[in-house]
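Chemist: Full structure from sequences and hints, please.
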Amino acid sequence: MEEVKLMKGNEAMAEAAIRSGVDAYFGYPITPQSEVIEYLMHEEPFKRTGMVVLQAESELAAINMVYGAAACGKKAMTSSSSPGISLKLEGISYMAGAELPCLIANVMRGGPGLGTIQPGQSDYFQAVKGGGHGDYNLIVLAPSTVQEMADFVNLGFDLAFKYRNPVMILSDGAIGQMMEKVTLPKQKERLSNEEIIKRYGSWATTGKPESRERNIITSLNLKSELQEIHNQHLQNKFKTAEKNEVRYEQIQCEDADYILVAYGTSARISQKVVQLGREKGLKLGLLRPITLWPFPKKIISELADHTKGFLSVEMSAGQMIEDVLLAVEGKAPVAHFGRMGGMIPSPSEVLDAVEKEINKILK
Amino acid sequence: MMTTAVITPEEIIKKGKIVFEKTKLMNDCTLSYCPGCGHGVAHRLVMEVVDEMGIEQDTIGVAPVGCSVLAYEFMNIDMQQAAHGRAPAVATGIKRVFPEKYVFTYQGDGDLAAIGTAETIHACNRGENIVIIFVNNGIYGMTGGQMAPTTLPGMKSSTSPYGRVVETMGYPLKITEMVATLPGVAYATRQAVHTAKLVTKTKKAIIKAFQNQKDKKGTSIIEIVSNCNSGWKMTPVESNKWLDENMLAYFPLGDIKK
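These protein sequence lines are chains A and B, in that order. Going left to right, the first sequence walks through residues 377 to 739 as our numbering numbers them. Going left to right, the second sequence walks through residues 128 to 385 as our numbering numbers them.
There may be inaccurate statements among the hints.
To be verified - Computed cross-link-like contacts, DSS-like style, restricted to lysine-lysine with a CA-CA straight-line distance of at most 30 Å:
id, chain 1, residue 1, chain 2, residue 2
1, B, LYS335, A, LYS584
2, B, LYS335, B, LYS283
3, B, LYS330, A, LYS538
4, A, LYS599, B, LYS360
5, A, LYS584, B, LYS330
6, A, LYS615, A, LYS574
7, A, LYS648, A, LYS674
8, A, LYS599, A, LYS423
9, B, LYS328, A, LYS584
10, B, LYS151, B, LYS335
11, A, LYS574, B, LYS151
12, B, LYS149, B, LYS301
13, B, LYS360, A, LYS584
14, A, LYS423, B, LYS228
15, B, LYS385, A, LYS423
16, A, LYS648, A, LYS707
Calculated from the structure, these hints are not laboratory results.
Modeler: Spelled out as structure tokens, the structure:
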């Protein structure tokens with residue numbers, strides 16, 4: 377049964393994991409996302425659905441537990457925040473190489489280093505440009521509401537299994553910690569072992585029956601000729617995902633003269649900026665990428681044909697702006713406005729920045 | 128006067144006389160190990176036990192980074208290759224979602240006792256119901272003979288070219304003794320495979336370890352002290368003698384916890 381509740385983003389994601397029929401969650405505490413494992417341990421989904429919840433000894437161990445479980449064809453996930461994600465990148469690269477589906481949530485905080493525990497968006501490069509070593513991409517989903525924190529669990533697993541690739545939910549401390557109304561999905565049954573063998577038996581290590589060759593999960597190719605073929609296969613997969621999986625939301629872009637591009641918490645603020653700007657007679661619009669990879673290049677390029685300029689609003693020194701610039705292809709000026717170190721910009725300071733940029737263009 | 132008795136191969140190889148056959152679960156391919164290395168015997172023993180217990184359809188192995196990184200090429204069962212040192216975490220992930228399957232890791236000393244120390248200790252501390260096969264040859268073989276956590280004091284390697292100086296490089300780590308102190312560990316033993324008698328004993332230990340997993344007793348760890356004639360820069364015969372005289376003096380054989 378669907379259920380409407382008032383929940384924190386982190387809790388909504390945890391509950392959605394149980395309801396999405398996830399088989400295993402492996403985590404390690406780190407602020408601002410510890411509620412995920414706390415909620416799961418409190419809810420005891422091992423009693424509700426048989427879902428495994430385990431607190432690992434480190435983020436490294438947690439992502440490698442995800443590797444082991446995912447390689448068995450199971451729905452396995454982990455969550456962390458910025459410094460913890462840096463530790464997980466080794467395992468994430470291995471999983472991309474070994475073509476393992478899984479879900480990783482990054483509830484970002486300000487960095488670099490230990491940084492701060494307040495919300496940040498400075499892991500954009502890490503999330504969308506690969507992050508770990510080697511040529512690979514993650515499919516990156518950026519929730520901007522508690523509802524999306526819940527919804528993207530199921531969507532994330534669908535995409536992960538469709539492409540046999542890790543998927544990341546790139547959230548931030550504000551979305552993770554804030555409480556909002558959320559409609560929780562109906563309880564989905566976890567797949568039985570028989571069903572898993574039927575669906576994923578061609579690759580998953582479920583134990584080798586006599587009827588098939590052994591399944592091997594590895595990212596190793598000692599022969600460079602073979603490794604290149606494997607790389608080409610991965611790149612073809614990423615091309616298909618780029619073609620089919622772009623998701624975004626347009627808010628008042630139809631008649632907009634000037635467009636803000638923002639995701640997550642910055643998108644919420646930017647939506648308010650659009651409203652405040654329009655009250656002052658500025659025709660503002662918001663393009664909110666929902667998938668940060670694949671990035672909504674095409675729509676931004678199209679908008680650039682009849683837009684006077686873009687402002688990339690991010691809680692970082694300016695990372696997504698590079699993708700906006702690439703999409704705009706010089707057709708319009710692109711500026712950046714950001715706060716760093718866990719600071720969240722206010723709508724009025726973003727509006728000031730917008731007005732300043734518009735004045736520059738008018739000059 | 129000489130009699131010319133002709134014995135045909137069929138007479139020699141009569142069914143009743145077969146005392147050893149190629150291990151069923153070892154693939155027909157060339158092992159990547161150096162001649163004289165103990166890995167091949169250790170692989171064979173694990174596969175013999177899995178075969179004899181009739182659990183090959185329910186067994187999932189985890190290969191490490193190191194000389195045995197390609198173990199999955201040689202063993203005819205479902206296998207996963209883990210990142211360096213992470214095999215016990217990977218095995219935990221498998222065992223937790225497939226508690227009814229048999230899960231083992233096959234790791235070297237660098238993998239298990241250096242980069243993977245945390246994963247080893249915590250998997251053992253949780254009493255993960257898995258088997259850990261730990262091949263200790265006192266050196267990083269795959270990367271060309273560097274110092275390992277188990278390299279003996281004074282022993283030369285490419286990163287301790289004048290011998291391991293314990294004052295600056297620390298002492299060889301007896302990790303099997305360490306994890307034997309943990310309540311989660313059901314069975315910790317140290318064996319070797321460089322003589323026929325020891326091979327038999329090691330096989331018994333592996334049987335016991337898999338039986339423990341069947342009986343849900345917790346973690347079983349079998350350390351196999353082995354040679355690395357290439358890394359030690361010795362002939363296979365010399366390396367086995369050196370193993371006997373030096374390695375086993377520091378790493379004595381026998382059950383540490385049973």
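Chemist: A separate judgement is required for each hint: does it hold in the structure or not?
Modeler: Verification of the supplied hints:
With a CA separation close to 23 Å, the supplied pair LYS335 (chain B) and LYS584 (chain A) stays within the 30 Å bound. Under the criterion of a C-alpha separation no larger than 30 Å, the hint pairing LYS335 (chain B) with LYS283 (chain B) is inconsistent with the structure, at around 35 Å. Under the criterion of a C-alpha separation no larger than 30 Å, the hint pairing LYS330 (chain B) with LYS538 (chain A) is inconsistent with the structure, at around 43 Å. Restraint check for LYS599 (chain A) and LYS360 (chain B): satisfied, since their Cα atoms lie roughly 27 Å apart, inside the 30 Å limit.
Restraint check for LYS584 (chain A) and LYS330 (chain B): satisfied, since their Cα atoms lie roughly 23 Å apart, inside the 30 Å limit. Proposed proximity of LYS615 (chain A) and LYS574 (chain A) is supported: the alpha carbons are some 27 Å apart, at most 30 Å. About 25 Å separates the Cα atoms of LYS648 (chain A) and LYS674 (chain A), which keeps this hinted pair within 30 Å; it holds. The straight-line distance between the Cα atoms of LYS599 (chain A) and LYS423 (chain A) is roughly 46 Å, outside the 30 Å bound, and the hint therefore fails.
For the hint pairing LYS328 (chain B) with LYS584 (chain A), the CA-to-CA distance comes to about 28 Å; that is within 30 Å, so the pair holds. Restraint check: the Cα-Cα separation between LYS151 (chain B) and LYS335 (chain B) comes to about 20 Å, which is no more than 30 Å; the hinted pair holds. Proposed proximity of LYS574 (chain A) and LYS151 (chain B) is supported: the alpha carbons are some 27 Å apart, at most 30 Å. Our distance criterion of 30 Å between C-alpha atoms is broken by LYS149 (chain B) and LYS301 (chain B), whose separation comes to about 34 Å.
Distance hint between LYS360 (chain B) and LYS584 (chain A) is unfulfilled; the C-alpha atoms sit about 39 Å from each other, more than 30 Å. Our distance criterion of 30 Å between C-alpha atoms is met by LYS423 (chain A) and LYS228 (chain B), whose separation comes to about 21 Å. At roughly 33 Å between alpha-carbon atoms, LYS385 (chain B) and LYS423 (chain A) are farther apart than 30 Å, so this suggested pair is violated. Our distance criterion of 30 Å between C-alpha atoms is met by LYS648 (chain A) and LYS707 (chain A), whose separation comes to about 26 Å.
Figure legend: structure checked against the earlier numbered hints; hints not met, in rising order: 2, 3, 8, 12, 13, 15.
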